[in-house]
Amino acid sequence: MKLENSVKRSFWTGLMDVLVIFFIAALVVVMILLPFIFNKYGGLYGSLTISSVWAIVFLYFTAVPFMTLLTMTKKIVNNIKRKNPFCRSTITALNTISICAFTDFILYAIGTAIIFKNLLSLTLAIAAFMVGLTSLILAQLVNEAIKIKQENDLTI
Amino acid sequence: MPIIINIDVVLAKRKMSISELADKVGITLTNLSILKTNKAKAIRFSTLEAICKALECQPADVLEYKDE
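Protein sequences appear in the order of chains A and B.
In this text, residue positions in the first sequence follow the working numbering: the first is 1, and each later residue adds one.
In this text, residue positions in the second sequence follow the working numbering: the first is 1, and each later residue adds one.
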């Protein structure tokens with residue numbers, strides 16, 4: 001039973017690791033191919049209010065917080081792999097994730113309001129907001145968990 | 001904390017070393033020294049029982065309350 005549990009856990013941690021690396025790789029590929037993708041699917045964005053070059057620059061700007069967010073996720077996965085998920089660095093990483101997600105939310109909200117003016121961009125903004133809110137709540141939860149863990153560690 | 005742990009006093013009376021006690025109680029030396037230096041937040045009854053058994057004493061010999 002115990003062995004089964006540990007195998008299961010390592011499977012999920014492994015999957016998390018693979019997913020995060022896959023996401024980072026996918027983001028890098030998309031960033032490299034962005035001008036081509038933008039030209040090919042340009043119609044999806046509806047009518048642009050600024051030139052497509054500036055729209056691409058804007059999209060690159062929104063990729064920066066996303067990249068930071070993924071790096072922080074990798075850090076949390078590493079903490080979990082080291083079997084020490086409840087530490088200060090997890091809280092810092094979660095807080096950074098929420099700041100990045102809120103930055104993306106603001107960027108996409110501005111983008112929806114003045115550049116793209118369609119539902120797709122609005123959906124991205126709301127998704128970023130949800131990610132930010134979730135990680136903010138998780139940071140508080142981890143904070144409480146650290147307190148309980150300390151209490152437990154100091155019970156002999 | 002107003003609760004003071006007097007393990008070292010009892011240890012000296014019994015002429016027992018701290019590592020010997022850790023062996024008998026079955027906890028690590030690190031945890032025992034956390035307990036000895038009053039850094040512990042709580043003590044399990046099972047640990048207290050093992051300590052009393054190893055030192056052949058009562059809980060009152062190990063624990064002490066001092067008003068601050």
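Careful: at least some of the hints might be erroneous.
Claimed, not checked - Cβ-Cβ distance ranges computed for the label pairs, FRET-style:
#1 Thr155/A x Asp8/B: 32 to 40 Å
#2 Leu15/A x Gly26/B: 32 to 40 Å
#3 Thr71/A x Ala42/B: 34 to 42 Å
#4 Leu15/A x Lys24/B: 41 to 49 Å
#5 Glu49/B x Asn152/A: 33 to 41 Å
#6 Ala50/B x Asn152/A: 14 to 22 Å
#7 Lys39/B x Glu144/A: 15 to 23 Å
#8 Asn84/A x Cys57/B: 33 to 41 Å
In case anyone wonders, no lab produced these hints; they're calculated from the structure.
Heads up, the beta-carbon is just placed ideally off N, CA and C, and yes, glycines get one too.
Leu15/A versus Gly26/B beta-carbon gap, inside 32 to 40 Å or not:
38 Å, holds
Distance restraint evaluation - Asn84/A, Cys57/B, Cβ atoms, bounds 33 to 41 Å:
37 Å, holds
Looking only at beta-carbon atoms, does the pair Ala50/B, Asn152/A fall within the given range of 14 to 22 Å?
19 Å, holds
Lying within 33 to 41 Å: is that true of the beta-carbon distance Glu49/B to Asn152/A?
19 Å, violated
Supplied distance hint 15 to 23 Å, evaluated on CB atoms of Lys39/B and Glu144/A:
For Lys39/B and Glu144/A the Cβ distance comes to about 22 Å; the hint holds.
Assuming the hint says 34 to 42 Å, is it satisfied by the Cβ distance from Thr71/A to Ala42/B or not?
Holds, since Thr71/A and Ala42/B (Cβ atoms, about 39 Å apart) stay within the stated range.
Range hint compliance [Cβ, Leu15/A to Lys24/B, 41 to 49 Å]
At roughly 45 Å between Cβ atoms, Lys24/B and Leu15/A fall inside 41 to 49 Å, so the hint holds.
Is it true that Thr155/A and Asp8/B lie within 32 to 40 Å of each other by Cβ?
Between Thr155/A and Asp8/B, where Cβ atoms are some 20 Å apart, the hint is violated.
Hints 1, 5 from the list above are not met by this structure, while the remaining hints are.
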